[in-house]
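A.B. asks: So the chains spell out like this:
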Amino acid sequence: AQSVTQLDSQVPVFEEAPVELRCNYSSSVSVYLFWYVQYPNQGLQLLLKYLSGSTLVKGINGFEAEFNKSQTSFHLRKPSVHISDTAEYFCAVTRSGQTGANNLFFGTGTRLTVIP
Amino acid sequence: ETGVTQTPRHLVMGMTNKKSLKCEQHLGHNAMYWYKQSAKKPLELMFVYSLEERVENNSVPSRFSPECPNSSHLFLHLHTLQPEDSALYLCASSQAWQGMYEQYFGPGTRLTVT
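If you read the sequences in order, they're chains D and L. Numbered by the numbering used here, the letters in the first sequence go through residues 1 to 116 in order. Numbered by the numbering used here, the letters in the second sequence go through residues 1 to 114 in order.
Treat the hints as calculated values from the structure; they're not laboratory data. Possibly wrong hints are sitting among the right ones.
Said to hold, decoys possible - Simulated crosslink set (BS3-like; lysine-lysine; CA at most 25 Å straight-line):
no., chain 1, residue 1, chain 2, residue 2
1, L, K18, D, K49
2, L, K18, L, K36
3, L, K22, L, K36
4, L, K19, L, K36
5, D, K58, D, K69
6, D, K49, L, K19
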């Protein structure tokens with residue numbers, strides 16, 4: 001099975017500063033990786049995904065993530081955060097190449113708080 | 001309506017009540033999921049349906065009963081719940097063919113069991 005570890009449960013950062021949210025995964029097979037964001041009282045929204053190809057993937061709202069197979073990491077970054085980025089961020093992994101329904105394994109989430 | 005919708009958004013029920021949560025996806029997907037989200041815990045996958053057939057049941061107590069009458073609709077029937085079942089229940093859908101593996105989530109139903 002696959003698993004995800006998000007090392008930081010809370011990350012406070014000042015507005016317009018850069019941020020990195022860390023995600024490490026564990027799997028014995030090839031995987032696909034995802035970052036989701038959850039705003040208060042809402043469901044999860046896909047930020048970006050890595051399936052194959054370039055290890056640097058760009059997503060919505062100015063976020064990007066880099067897949068590092070040797071370090072089994074998929075850290076999320078943004079060069080300059082805004083107040084509106086305050087939310088919970090979830091990293092998720094699934095086994096690659098599945099057909100039919102696919103199970104996503106989620107981390108415990110990182111609460112990003114942007115300070116004015 | 002677009003995306004994945006869930007009703008009701010909030011539900012308060014007593015331990016002896018019977019209620020149902022409804023999920024509808026407008027994306028033409030062929031797989032649907034129920035998740036439970038509790039404070040300070042990872043999302044817990046409860047049930048998975050693929051082409052309207054249940055393919056996974058992650059040891060969920062029988063007081064939760066899913067139903068998938070067609071590829072667009074998913075229900076979660078609730079009866080004799082416990083206070084620890086209070087949580088945000090999220091529905092999601094996906095189309096695992098054609099290289100799309102991400103899941104699209106609804107806004108959730110906030111359930112409080114009293």
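A.B. asks: Does each hint hold? Answer for all of them.
C.D. replies: Here's how the hints hold up against the structure:
no., hint, verdict
1, L:K18 to D:K49, "39 Å, violated"
2, L:K18 to L:K36, "18 Å, holds"
3, L:K22 to L:K36, "14 Å, holds"
4, L:K19 to L:K36, "16 Å, holds"
5, D:K58 to D:K69, "17 Å, holds"
6, D:K49 to L:K19, "36 Å, violated"
Against the hints set out earlier in the document, violations occur for numbers 1 and 6.
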